[in-house]
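Visitor: The chain contents come next:
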Amino acid sequence: MSVLEVRDLSIRFGGLQALQDVSLEVNEFEVVGLIGPNGAGKTTAFNCITGFYKPDSGSVRYRGQDVTSAPPHVKARMGFGRTFQNVGMVKSATALENLKTAQHAKASYDVASGLLGVGRMWQGEREMTAKAEAILDLLGLAHIRDKRVGGQSYGTLKLLELGCALATDPDILLLDEPTSGMGPDESDELGERLLVLRREFGLTMLVIEHHVPLVLRVCDHVYVLNFGRLLAQGTPPEVQSHPEVIAAYLGGEAPDALAATEEPAQDAAAQAAPHQPEADAVPEAASLPKRRRARTAAGQRDEKGQSA
Amino acid sequence: MSLLEIQELRTGYGALPVLQGISFAVEEGTTAVVFGLNGAGKTTTVNCLAGLLPVWGGEIRFDGQVLSGKSPKAIVEAGLALAPEGRRVWPGLSVLKNLELGAWSRKDRGGVGATLEQVFGYFPRLDERKDQLAGTLSGGEQQMLAIGRAIMSRPRLLMIDEASLGLSPKLAQTVFEVVSQINDDGTTVIIVEQNVGVLPYADQALIMEKGTLTYDGSGAELERTGELRRTYLGEAAAS
Amino acid sequence: MTALDSPPVPAPVAADRSGLGHQALRWTPRLLVLMALAYVVLVRMPNDQTFAPFAQDAAIYGIVGLSLNILLGYTGQLSLGHNGFYGIGAFAAAYSLTVKGVPFGLTFVIAGLAGAVFALIMGVVALRITGLYLALITLVFGLTLEDSLFQVAWLTNEGAGQQANRPEWLFDETRYFYFCLAFLAVALYLDWVLLRSKTGRALLALKENERVAEAFGINVTAFKLLAFVLSGALCGIAGGLFAFRVGLVVGSGFGFALALTFVLMTVVGGLGSRLGVVMGATLFATLDYVLHSTWVHHINGFVFRTDNLDQFAVGFIGALGLILTLVQYPGGIGQQVRPITRWLSGHPFSIHDDKDAGPAAVEGSSVRA
Amino acid sequence: MSSEVLALDLVVPAVNGAIQGSVYGLLGLGIVLLYKSSRIFNFAQAEFGGVAAFVWVFFDTGKWFLPDLPTPLAVVMGVLAGVLVALLTERLVVRPLFNAPKITVVVATAGVLLLLIALEGFTYGGTAGTFPPVFSGDAYSGTAIRITNQGVAIMITLAVLSIAAALFFSRTRTGTAILAVSQEPTATRLVGISVERISSLTWALAGFLAGVAGILLAGTVGLAAPGSITGLALVPAFTAAVFGGVTSLPGALVGGIVIGIIEAEAQTNIPKEHLPGAGKVALFVALLVVLLIRPAGLLGKET
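Residue numbers (our numbering), protein chains in the order written: chain E, 1 to 308; chain B, 1001 to 1239; chain Z, 2001 to 2369; chain S, 3001 to 3303.
Honestly, the hints are just simulated from the structure, not real lab data. All the given hints hold, so there is nothing to weed out.
List of simulated lysine-lysine pairs, DSSO-like, C-alpha gap at most 27 Å:
(1) E:K131 / E:K91
(2) E:K147 / E:K91
(3) E:K91 / S:K3102
(4) B:K1073 / B:K1107
(5) S:K3272 / Z:K2100
(6) B:K1107 / B:K1097
(7) S:K3102 / B:K1073
(8) B:K1070 / B:K1107
(9) B:K1130 / B:K1170
None of the values given here were measured: they were computed from a predicted structure.
Isolated chain E, as found in the complex (with noise of 0.2 Å):
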């Protein structure tokens, strides 16, 4: 059944174009990818489906429900977790406070009492805590429980937000640029790290990403944005030999550069940056260059450790 269901939704900026016609869908434990050159409408995209905008045609289907018009934070306690291009967490409070925030719609006490600080609050809080904590640990991040958010490192915050959507206790998650922000390295752990939760937590996610490997290496399905259209959707593999998502990529009017690109060329890929893949070109995996693949393979033993 799918999670997710949008069907041509558009949308228009005064006079430009930002979504037209664009339907997707995501299926239950599905990691599905959104990717685009810039200014293609994958955030865009992600607003309307989230309630952060309001599409000017279209529909949002979550789970057989139409909840085109409904706002951000209803959203948000039906089961949509999101994270921002730009991380969004509250930087002027600790980790475990911002934990503690994103469970706010699950809080098991009603305002009044909130306010009064009687009843349920202190119970209610004690669990909290727990779950954060329990967050925390699951993402390695016990140490900075009582940092500020704001002084940690991108990659830091870009985790920690991960696990401030997973508080929220999604059903589907929502990705902007996970990795943005990272070295190669950061960005190939968190990759591991979204097989994991997926498995752990049964969660469906859609993520936009740039980073080609990650994309290759998690999403079960891929759809491609360009001009606010959708270009392309499939497979990984046949996402990336499209020739119009590859025009869509490289610039429409280089066949040049494409037709250079297709022919084997010995000299060429010996001349090139010294990570040029060996000749052996089946897996994806294998077709890593040496210093990817030492790399992932950290990435694996981290995996396993999480796991343990």
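Please build the complex by placing chains B, Z and S on the supplied structure of chain E, with the hints as guidance.
Guide: Frame of chain E; chains B, Z and S shown alone:
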């Protein structure tokens, strides 16, 4: 000696580091193109060169003169001009006023008229619309205006950020051709681009990834390799 | 103390020093300081009959400061119209007691409700008008109330002022100070609970980033209104206390200067810092007295040719304090006294602040819309 | 009530309101200028004028150890004082807060306002006095309507300054640079314009406008007390600026006159028994309506 030499340049926004220490040089009279995905640090690089971002470490040398840590004013006076990302023209001023302000830092007031003619020569569209408010121009025209404004300071090195973003492929080609003409007229050019269509005009190509430089070589060579494809679409697409 | 959680710094006492003697050594000076403070605040000051009214003001301003802190410190909404809520509370209390014969205790409920209702109206406006415009509109709101509603004949007893007589058991100024202090204590408790509950976290979140707050499932609109209502209610109650402090409520006392004083004392005290806000309020409430009673008075007429030094000195010192706070010491008094409060709570004395200590260390520059 | 009297009830406040409103417009102009260039509201704007008015009176009467200067010179000194105070505010308060949230800067300008009032109090004293008009005598004196020379001077000043401002912003390089900073600061820095210097210049201009307005208003109203100019003109000046969307210079001028008339009409024609402080209420309602219905202003458009 190269016109521009950058060594181990590091910078970022607030506490967030972006450039992890990049080094490259650009020769006088050439066109260099910087490729890379979103968030690779391309815009950060040119913004830092233009003095909009503080230099955290490393050095920028322009014609032998150290420019790191200088104000945007000193940098533009030294002969480095940037046409910034997103055009950033003054929407409430006329095209002519936009261009005239571009010449703010010039000492030779007499030469401004000649440069203006030169800009109108490159972009006849701007001449036609010189009394129109810049905010009413189309995206492509604003891009031309931003480039024209940078030329008005008579730079020795012109940097253009995302020259083709949001332009149709055809318009992008037009812009590239004009830029090549500007280069032929003696101005050294650095273009930040995602569009490979610019490659035929590039003497030098640089590829950035996650705040580091992963490729620095001739444009012609890059055309023959799969390096760009790998950057944009991953390993499988490159092989 | 100041915010969500005080940092759970591990006790800095090594194993060999954890004996009873060392514990005593550690806590005795702290206890002595606390007792001295308590003596001055609870006994010495209120029993000085000339000072007691200023002490009452300090407690009342403290409540106003907490009220403003909810809006400005927690939610980031600047209100320059708290003079309005304060005046409404004062008139509501006086009017309900004197004209309607409402029992004394109930007048505070009415004052709080009146403040809350007007604040709710302002809150609805604030949903549409934000940032600088909100600052402007709240300013005009307060000024307009002073000139219009607070001059209306039926409310002001034909302009003569509305009476608000304390019951007999509160005639004594010292007792009334304790009465006000009790209200302040309750306000402090509620504020403390607020920040420890999901409501406080929701406010802090929406202050920093409304989109993030929404993504966390927080109903931003509702919590913004709630912040206004809470703030208005607290301020209205403070106004009620003020009514019984002066005994006669006249419309002209709730102007521009009062609005600015409220914002000043809160910002100088230190936004987001409970203790700082109360200290800032105390400073501004008692400045007049301090200036009257010390050597400062003698400069009057010597350097300045008029005898208006003290009349304007409060504004002068306050304004300088504000500008210094904003430009130089964004944490306000709350930040400055933190080494002492930390020491009092058992940590070793250090002037270096723990930068990681959560929103306790809210920068004053985080005032925003 | 005869229709003639009714007409007079409307005409007299309209004339007086328009004159007073011109001063609001001048102050509003400064507010717009500062908003355009640095996106802040300057709550001290009217009191820059207050300082100018006091300094003018001090020089005019030789008070406070100052030489007794002829009136025109005293007026110049007053205006200069307005400029100086504005420059100091920019340098000591606004510039250090360059990267702070705008609301912080706005609170700081409120602090400046209080500081200026206190300084006026120290030097002038707390008892209200009177300001003399700069120009005495009447230009026209009919049965019901009286137009003073001061009133005429205000209208002329407004006209001259608006034309000068229009020319300054359209014809001079510096004027264009100020507009450029307000529209797109990054690009402005990129072409080598010093944003700091433009900021100082803008504040100096705002101080000049406030100085002129303050002296003219003080002389018209007569009341001299610390902070009186703020009490009289701050809110109407802001309302005038908001009428133009806080970004339009002509909008602020026209807005000033409109606001002046609305205030005067409400004050005169709504009896105090029905609604005390009708002038203020009218301003509040006008401001609220403009902000709720057309936040971009009635006369201007956001650029």
